[in-house]
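Take the sequences, apply the hints, and build the full model.
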Amino acid sequence: MDAETRATIRARAVSVWLKADLDVLVSRTAGRTHRPLLNNNNPRAVLARLMAERYPVYAMADIIVESTDRLHETMVEGVVVALRYRFGLTFPGPKV
-2 MDAETRATIR
8 ARAVSVWLKA
18 DLDVLVSRTA
28 GRTHRPLLNN
38 NNPRAVLARL
48 MAERYPVYAM
58 ADIIVESTDR
68 LHETMVEGVV
78 VALRYRFGLT
88 FPGPKV
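Residue numbers for the sequence shown follow the working numbering, beginning at -2 and rising by one.
These aren't lab readings, by the way, just hints derived from the structure by calculation.
The beta carbon of each residue, even a glycine, is placed where N, CA and C say it ideally should be.
Just so you know, not all the hints are guaranteed correct.
[Stated by the list, open to error] Distance ranges between label pairs, derived from CB positions:
#1 8 to 36: 21 to 31 Å
#2 51 to 73: 21 to 31 Å
#3 36 to 84: 39 to 49 Å
#4 30 to 81: 29 to 39 Å
#5 37 to 10: 31 to 41 Å
#6 8 to 30: 32 to 42 Å
#7 30 to 86: 35 to 45 Å
#8 86 to 36: 14 to 24 Å
#9 29 to 86: 28 to 38 Å
#10 47 to 1: 15 to 25 Å
#11 81 to 38: 28 to 38 Å
#12 6 to 50: 11 to 21 Å
#13 12 to 86: 13 to 23 Å
#14 29 to 56: 17 to 27 Å
[To be verified] Taking lysine to any residue and the SDA-like style, the derived pairs with C-alpha atoms no more than 25 Å apart in a straight line are:
#15 16 to 29
#16 16 to 71
#17 16 to 5
#18 16 to 54
#19 16 to 33
#20 16 to 70
#21 16 to 81
#22 16 to 27
Right, dumping it as structure tokens:
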């Protein structure tokens, strides 16, 4: 979230955001004890607040891939397709 870090990423890298909706995030983080912010009685509310705060910044990513309950391999394939298209190595396929 740091502006300097974002500027460095923009200058030296291609940023990819795996955009997930609230239900997906809640499902993925349920029962995980290594996330201190979510170790409370209402992790869904915390995730909703974090989404409201952070998603506008994340939306500045060079590439945005919708993240759903798909298999990890399918998500990786979507990122690879988006990167190949970004660098002119292929034509766009179906929305990922």
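Now the hints, each set against the structure:
no.	hint	in the structure
1	8 to 36: 21 to 31 Å	violated (36 Å)
2	51 to 73: 21 to 31 Å	holds (23 Å)
3	36 to 84: 39 to 49 Å	holds (40 Å)
4	30 to 81: 29 to 39 Å	holds (38 Å)
5	37 to 10: 31 to 41 Å	holds (34 Å)
6	8 to 30: 32 to 42 Å	holds (37 Å)
7	30 to 86: 35 to 45 Å	holds (41 Å)
8	86 to 36: 14 to 24 Å	violated (43 Å)
9	29 to 86: 28 to 38 Å	holds (36 Å)
10	47 to 1: 15 to 25 Å	holds (21 Å)
11	81 to 38: 28 to 38 Å	violated (44 Å)
12	6 to 50: 11 to 21 Å	holds (18 Å)
13	12 to 86: 13 to 23 Å	holds (18 Å)
14	29 to 56: 17 to 27 Å	holds (25 Å)
15	16 to 29	holds (20 Å)
16	16 to 71	holds (14 Å)
17	16 to 5	holds (21 Å)
18	16 to 54	holds (12 Å)
19	16 to 33	holds (21 Å)
20	16 to 70	holds (16 Å)
21	16 to 81	holds (19 Å)
22	16 to 27	holds (18 Å)
Comparing the model with each earlier hint shows violations of hints 1, 8, 11; every other hint is respected.
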